[in-house]
Structure formats: C-alpha cells, structure tokens
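Residue numbers (this note's numbering): 3 to 269.
Be careful, since some hints might not be right.
Pairwise CB distance ranges, derived in the manner of DEER restraints [unchecked claim]: (1) 214 - 172: 37 to 43 angstroms; (2) 136 - 172: 22 to 28 angstroms; (3) 261 - 235: 17 to 23 angstroms.
By construction, these hints were calculated from the structure, which means they are not laboratory data.
All of these numbers come straight from a predicted model, not from anything done at the bench.
Note that CB positions come from ideal geometry on N, CA and C, so glycine has one too.
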Amino acid sequence: MLSVYSFNEQAIVDFCEITHDHNVVHDPQFMKSQGKKAVVPGMLILSKAIGMAEEIIRKGANTFHLFLNSMVGANEPLTIGYRVLEMAPIKAEIIARNSKDTLSHKGNSSIIYKRNKVINDRPYGQQLSLETKAMQIESFSNQIALKENPLGAILFSIAYASHSLFQAIEKPISNIEKEIQGYLNKDDQYNKQSPFYQSILIHLPDQIHVPIGGVPLDYFIQFERIKEGRTYGAQVFCTQNGEEVYSSYYVLTAIPDRLIMRMAPNL
C-alpha cells in the first residue's frame, strides 16, 4: 500500500510542538532566512509510514528496524507506505521515497516484522520522566491519521523519546553523556555538530501497553561509544506506570551543522 503525501510547514510546526523538538532545521522562518526549506522531522515521516502499515502490526509484527537517510523539505511529495515481503512470519518494508529512498541507509531498508526470539530487556541507565498532557497523544494521533487508534499512542511514545535523549545529553550524568555533550557544545561554530539518527531498532513487548495522556512516560537511557566524536549508541527503555511500552536501540551520528544546512533542500 503506497500513497503520495506531503507535509506542509504547519504540520512540521505542530509535530515539533507536540513532541518538543526544538531543532532549528524544522523552523520555517529560520530556514527561509537561510534560503532553505523547513526539514520534515524524520520521526514524523516514520510515524506516518508505520501508521499506514497498521495491518502488518495487527498480523503480529512487533519489531521495527528503521533507517534514516536523506532530508525531506516542506511540501515535497513523498511516496509513503509499505510493501509486504513475507507473510509467515509477517515482514514488510516501510517506504518513504522522493528523489531518494528516505528510509534506507547503505542498502538497508526500513522493515517491520515478527521476531523469532524472546527479548528480555530490562530498564537501566539514566531515568528521565517526561510529563504528557491529556491532549498531547490525541493531537499526535490525529496528525498521522490514527485518531482513537492505540498505535498512535505507541508511535507518540517513540517520537517523544527524542526529547528524552537530548535532555540526557543536555544534563549529562555518565562519562559518555558528558563526552557527547562536549562534542556537541563546541564553542567553534564552524565545527559545531548535531546528532542525526542513523538507525533505530524497536521491540514491542508481547503484552502491549498503550500509553495514555496526562501520565508521565519514563525513559531509561544508556549511551555507549561506538566511535568517539562520531558515532554513539543509546539503549532506550520506555515505561508508563511501571508497564513496558517498548525497548529500543538508537545509533546516532554526529554531523557538522554546516553540512546539515548544506544538505537541507533549497527554496
């Protein structure tokens, strides 16, 4: 199932407000001052694409292996959706394409599938509790066409994890967190860097817990160094009221801000 879709500037602004994403590349006014289009948040594209693949999840898919590649600008048409690869166990490719395949990296496509092994992850690392408002999940779900659909709440908790990751970096506790902050907070503006998701692996539990608005989401975060100053991993475990929502592993790459601006689509 594939559909052509685009995200206008207001959709980008609304998504960032709901998920507390403060990256300036998503700010239409700032980007216009640079001769660039506002960049569509990768998590907005992923949420829309996974939401369209709801039937795959209902058929048992409980693992998302997601990759992010190119940047997409406001109002740029995207072919979004999924393609079934296998029926038993269920497996599908998640697709978002314009001139490039946005959800692939070095030949690896984004997929959702039913895993064949038990995942026994447990919370560890720095705990961050993020407040949620009663309407926050509802507004998010409406934006990705999942009104009153439990999947919308789950995807919100995944998108909201970005806020927890950046809070952990802004208020570091572990040596690795302090190391990451040191590289991202360089005084030399020419060499300043920002984190960019390379891949995300998400495991849903066998017993699905659907988050509700108005109750904090707890994120347990543990960073690890893959390549100093360049690539880091982050184990993120999300719970609400002590119930597991999902466990995940992020790979983040540091990219110079000047390169990010160069990669952003021109007006």
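Hints, verified against the model:
no., hint, result
1, 214 - 172: 37 to 43 angstroms, "violated (27 angstroms)"
2, 136 - 172: 22 to 28 angstroms, "holds (26 angstroms)"
3, 261 - 235: 17 to 23 angstroms, "holds (22 angstroms)"
Checked against the numbered hints above, the structure violates only hint 1.
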